[in-house]
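Visitor: Add chain B to chain A, keeping to what the hints say.
Protein chains: 2
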Amino acid sequence: MNRRQNFWVRYRVTATSQRDAETKAMQISIEQSVEMPPKTVPREAASNIGQVGKLRFIKDNEWHADIHFNKQLVDGDLTQFLNVLFGNSSLQPWCSLVDIDTDYLGSILNGPAFGIHGIRELTQVKKRALSCAVLKPVGASPVQLAEMAFQFASGGVDLIKDDHGLTNQHSADFETRVKKCVNAVRKAEQKSGKRTLYFPNITTSPTRVMQRFERAVDLGADGVLISPMLTGLESLHDIAKSETIPVMAHPAFSGSFVINECGIAPPVYYGKLIRAFGADSVIYPNATGRFSFNPEVCKQINRTCRSKMDPIKPAFPTAGGGIDLNTIADLVKSYGNDIIFLIGGSLYQYSAGLASAAKEFQQALTDYE
Amino acid sequence: MNRRQNFWVRYRVTATSQRDAETKAMQISIEQSVEMPPKTVPREAASNIGQVGKLRFIKDNEWHADIHFNKQLVDGDLTQFLNVLFGNSSLQPWCSLVDIDTDYLGSILNGPAFGIHGIRELTQVKKRALSCAVLKPVGASPVQLAEMAFQFASGGVDLIKDDHGLTNQHSADFETRVKKCVNAVRKAEQKSGKRTLYFPNITTSPTRVMQRFERAVDLGADGVLISPMLTGLESLHDIAKSETIPVMAHPAFSGSFVINECGIAPPVYYGKLIRAFGADSVIYPNATGRFSFNPEVCKQINRTCRSKMDPIKPAFPTAGGGIDLNTIADLVKSYGNDIIFLIGGSLYQYSAGLASAAKEFQQALTDYE
Chain A
468 MNRRQNFWVR YRVTATSQRD AETKAMQISI EQSVEMPPKT VPREAASNIG QVGKLRFIKD
528 NEWHADIHFN KQLVDGDLTQ FLNVLFGNSS LQPWCSLVDI DTDYLGSILN GPAFGIHGIR
588 ELTQVKKRAL SCAVLKPVGA SPVQLAEMAF QFASGGVDLI KDDHGLTNQH SADFETRVKK
648 CVNAVRKAEQ KSGKRTLYFP NITTSPTRVM QRFERAVDLG ADGVLISPML TGLESLHDIA
708 KSETIPVMAH PAFSGSFVIN ECGIAPPVYY GKLIRAFGAD SVIYPNATGR FSFNPEVCKQ
768 INRTCRSKMD PIKPAFPTAG GGIDLNTIAD LVKSYGNDII FLIGGSLYQY SAGLASAAKE
828 FQQALTDYE
Chain B
468 MNRRQNFWVR YRVTATSQRD AETKAMQISI EQSVEMPPKT VPREAASNIG QVGKLRFIKD
528 NEWHADIHFN KQLVDGDLTQ FLNVLFGNSS LQPWCSLVDI DTDYLGSILN GPAFGIHGIR
588 ELTQVKKRAL SCAVLKPVGA SPVQLAEMAF QFASGGVDLI KDDHGLTNQH SADFETRVKK
648 CVNAVRKAEQ KSGKRTLYFP NITTSPTRVM QRFERAVDLG ADGVLISPML TGLESLHDIA
708 KSETIPVMAH PAFSGSFVIN ECGIAPPVYY GKLIRAFGAD SVIYPNATGR FSFNPEVCKQ
768 INRTCRSKMD PIKPAFPTAG GGIDLNTIAD LVKSYGNDII FLIGGSLYQY SAGLASAAKE
828 FQQALTDYE
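Taken in sequence, the protein lines are chains A and B. Take 468 as the starting number for the first sequence in this note's numbering and just add one per residue. Take 468 as the starting number for the second sequence in this note's numbering and just add one per residue.
Just chain A, same shape as in the assembly (with noise of 0.2 angstroms):
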């Protein structure tokens, strides 16, 4: 196997035997390559049948395989990068995505343009964790988010992002709600004297989500939302690549590849595709919350995130899901502080108001930095 030719991609095989795991890696070789019989393949595309690597028994009925794919397969097309992949051997039922040669998605992907270091950069927060408040509901008026985006500031939050389902509705258009919410993040950061980004949501059809990304960025958003799952996900990346402000990425609709036995590994979907895809932050659904992730996977998905991935910089884990004043020592004790902590719902219970209930949970972060 020639290496400058080849990337490989690691499948979680179930398989009764040796000789059966051995049988599966082979189809999923040819299913995500030539999908034809090999010996009907015409002599010139020979050196495009996918090869398997090193076979792995892991435990009881489950092995790694290694398959290793010609270039040429993809050759620069990063939407049939996902094709080969997981296209058709997404709808085996006893393979799994596991692992990506980091270096191969180095070399076609280009990452976050901000990652980490540079969302604390644009932060000016150096070391502890990061706060994101959430606008929300749907149905809200632009002045009432706003209102809610003055509030969140006012109290010091590090990053306000929209409500996933806020799009273009009448209740408050696009263009009305980030108008104004920029503009009272504004005025607020004029009170509390720091720093706050707002990123709002432009997830829509994925042949207009250039535009509303690009409508964001002359209406002053320090960054966008986006859940590429329901653009695809190279609209990420080319929203990615314009470097212009950083994307965080929603999990809406990517739960099915995740949560099920057959599906993507949660740290590969989240630390590494999202990832190279090129979002700066990856929001994951949290252990604590209504999700399903234990918090080793929660884990394991925050060191992938952070994982060095030369060229492609570290985006900033993103935990979402019963996250509060009680739970936030605990979480930041066993996340570590390179993690950004979406607050929804126990925010707006506070009885104090959002700016008391912003400001709390930010000396919550400071006190354990």
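Hints are computed from structural coordinates only; laboratory data are not their basis. Note that the structure is a prediction, hence the values are computed from the model and not measured. There's no promise every hint is true.
Treat identical chains as interchangeable: a pair holds within one or across any two.
[What the hints assert, rightly or not] Keeping only pairs whose Cα atoms sit at most 30 angstroms apart, straight-line, the calculated DSSO-like set for lysine-lysine is:
1. K826 / K506
2. K594 / K775
3. K646 / K538
4. K654 / K506
5. K826 / K661
Guide: Chain B alone, transformed into the frame defined by chain A:
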């Protein structure tokens, strides 16, 4: 609940008791709408809180919960519709999407421009099942692919599609490939005396797929192939609503949604969602092939693709995988005539050549008219 103001979505909920099912249904209704504790929702947005409707015990630990959502949550944004359907709830290990309000689908989505009736008109085949051959593999030259297309069309195949891995690789760039294959098919039609439609693959970056579609039309393609889970589903809709040429949807990257315990019920995914987003032909992994659906699921997909969903037209269910001369007779009997059979690898293994293989295949279809 105001029917004109709301639409419903049915979720399968795994629960330990009626009470647990009620709690989880309530959780979905909030998660997919305002995403904050109802008592913190401002008055203006109160009508946007999702409402739990019928909750029905199915069996064992399984309930069906109908949730009613305010149409204002979507407000004309089709990508946001997907988010309300299965954004955050895709991350819940006890939640699957099992049905969608077809009246609402018909009110916001255009569905296929051609559908079963339109594709029959274009192919001039009134009643029998249709055949579709596949050009492959990646690595073959445009001349080689065009020669295959010529052979298949000479043998009288109804449709020819690109392999979904053929994009714009140097080995057969889009422009040259489509030109040569269109020419080859037109030439072969003179010989066969019947129509053959050629569908090149246009799957690429979500922000550039529309351009590639327009180029395909200009180059004389009779239809296009697209993998909507890779380009984002709304790209499919944007293309279909141009009403230019029919669109065939490929299931690449959709597996995690449909083969796992938690996800989207396959008949709903293929027969309602992909169809409503505009696919004239919906490819699904066939039971007798390399993939995982059982024959009953395949029949449900067929039925749902063909079901009445006015004003959305019926789409051609398109079975792929494990179809050859030995299985075709039984398949037509069991699946009926309103189906397209994809025949990939098996035609290439035929010793007498592609044209003869295609001819025999056509004969088998005609026999069961």
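Visitor: Does each hint fit the structure? Answer for all of them.
Guide: Hint by hint, here is what the structure shows:
1. When the C-alpha separation of K826 and K506 is checked against a cutoff of 30 angstroms, the pair qualifies only between copies, where the shortest distance is 22 angstroms, while the shortest distance within a copy is 68 angstroms.
2. Taking the shortest Cα distances, K594 and K775 sit within 30 angstroms of each other inside one copy (19 angstroms), while across copies they are farther apart (59 angstroms).
3. For a Cα distance limit of 30 angstroms, the shortest separation of K646 from K538 across copies, 25 angstroms, qualifies, whereas the shortest one inside one copy, 44 angstroms, does not.
4. Within a single copy, K654 and K506 get their C-alpha atoms only as close as 69 angstroms, which misses the 30 angstroms cut-off; across copies the closest is 29 angstroms, which meets it.
5. Taking the closest pair of Cα atoms, K826 and K661 come within 30 angstroms of each other only inside a single copy of the chain (12 angstroms); across copies the shortest separation is 74 angstroms, beyond that limit.
Of the hints listed earlier, there is not a single one the structure fails to meet.
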